Amino acid sequence: GAGVSQSPRYKVAKRGQDVALRCDPISGHVSLFWYQQALGQGPEFLTYFQNEAQLDKSGLPSDRFFAERPEGSVSTLKIQRTQQEDSAVYLCASSFTARGKETQYFGPGTRLLVL
Amino acid sequence: AQSVTQPDIHITVSEGASLELRCNYSYGATPYLFWYVQSPGQGLQLLLKYFSGDTLVQGIKGFEAEFKRSQSSFNLRKPSVHWSDAAEYFCAVAENRDDKIIFGKGTRLHILP
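Protein chains in written order, with my numbering: chain V, 1 to 115; chain W, 1001 to 1113.
Simulated from the structure, these hints should not be mistaken for lab results. Note that this is a predicted model, so its numbers are computed, not measured. Among the hints, a few may not be true.
To be verified - Below, computed lysine-lysine pairings styled on PhoX-like, alpha-carbon distance capped at 25 Å:
#1 W:K1061 x V:K11
#2 W:K1105 x W:K1049
#3 V:K57 x W:K1061
#4 V:K78 x V:K57
#5 W:K1105 x W:K1061
#6 V:K78 x V:K11
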């Protein structure tokens, strides 16, 4: 596709439910990033992949958060046993090279609401 | 730890007026600096970036930003705003050694007709 796509665009989950958020990066992009954007805040880094390798997961807030990119393309962010504080917009970004300071192209985000 | 501060949460300007959005960063070495714009329902779009060289950077949509090392600032400017510029603007900095981008909390720009 022309840009980064994310699905679903909106997700409502009951507290304790597991959710999976999908990111389709721009074809051929090596780097993939996940960010969490709470209401009224800037995006905060969660994790970074270079191809299928997860090189940085320092931003994942707890062990309930897990991300994978098994074939170096599509990525899934999974949140287990969701809590209300997980409510946020989850943004995915990709960049062409392995150097993340190159332009990152962002998807529209998945808005997660945990009740 | 590095950080980005955007002191203004909201800014209101009249259409056709000039604009300056402030950004200050905290980082020891020469940072990689970015400005992104986020319109409602849209993803973040890169306006411009500074890595090195000329400290005045031109971006898309008529925006420019100036890197001032002495003031640790990277302010965004536009000589004449349009109603379509109403959006949230984020300043961001990337670390040298890894590729994580640190975002400020954003400035919401309102345009008066």
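How the hints compare with the structure:
1. At roughly 33 Å between alpha-carbon atoms, W:K1061 and V:K11 are farther apart than 25 Å, so this suggested pair is violated.
2. Taking the CA atoms of W:K1105 and W:K1049, the gap is near 18 Å; set against the 25 Å cutoff, the hint holds.
3. Between V:K57 and W:K1061 the CA atoms are separated by roughly 34 Å; this puts the pair beyond 25 Å, and the hint is violated.
4. For the suggested pair V:K78 and V:K57, the alpha carbons sit about 13 Å apart, so the restraint of at most 25 Å is met.
5. The hinted pair formed by W:K1105 and W:K1061 meets the criterion: a straight-line CA distance of about 22 Å does not exceed 25 Å.
6. Pair hint V:K78 plus V:K11 holds up; C-alpha atoms about 13 Å apart against a cutoff of 25 Å.
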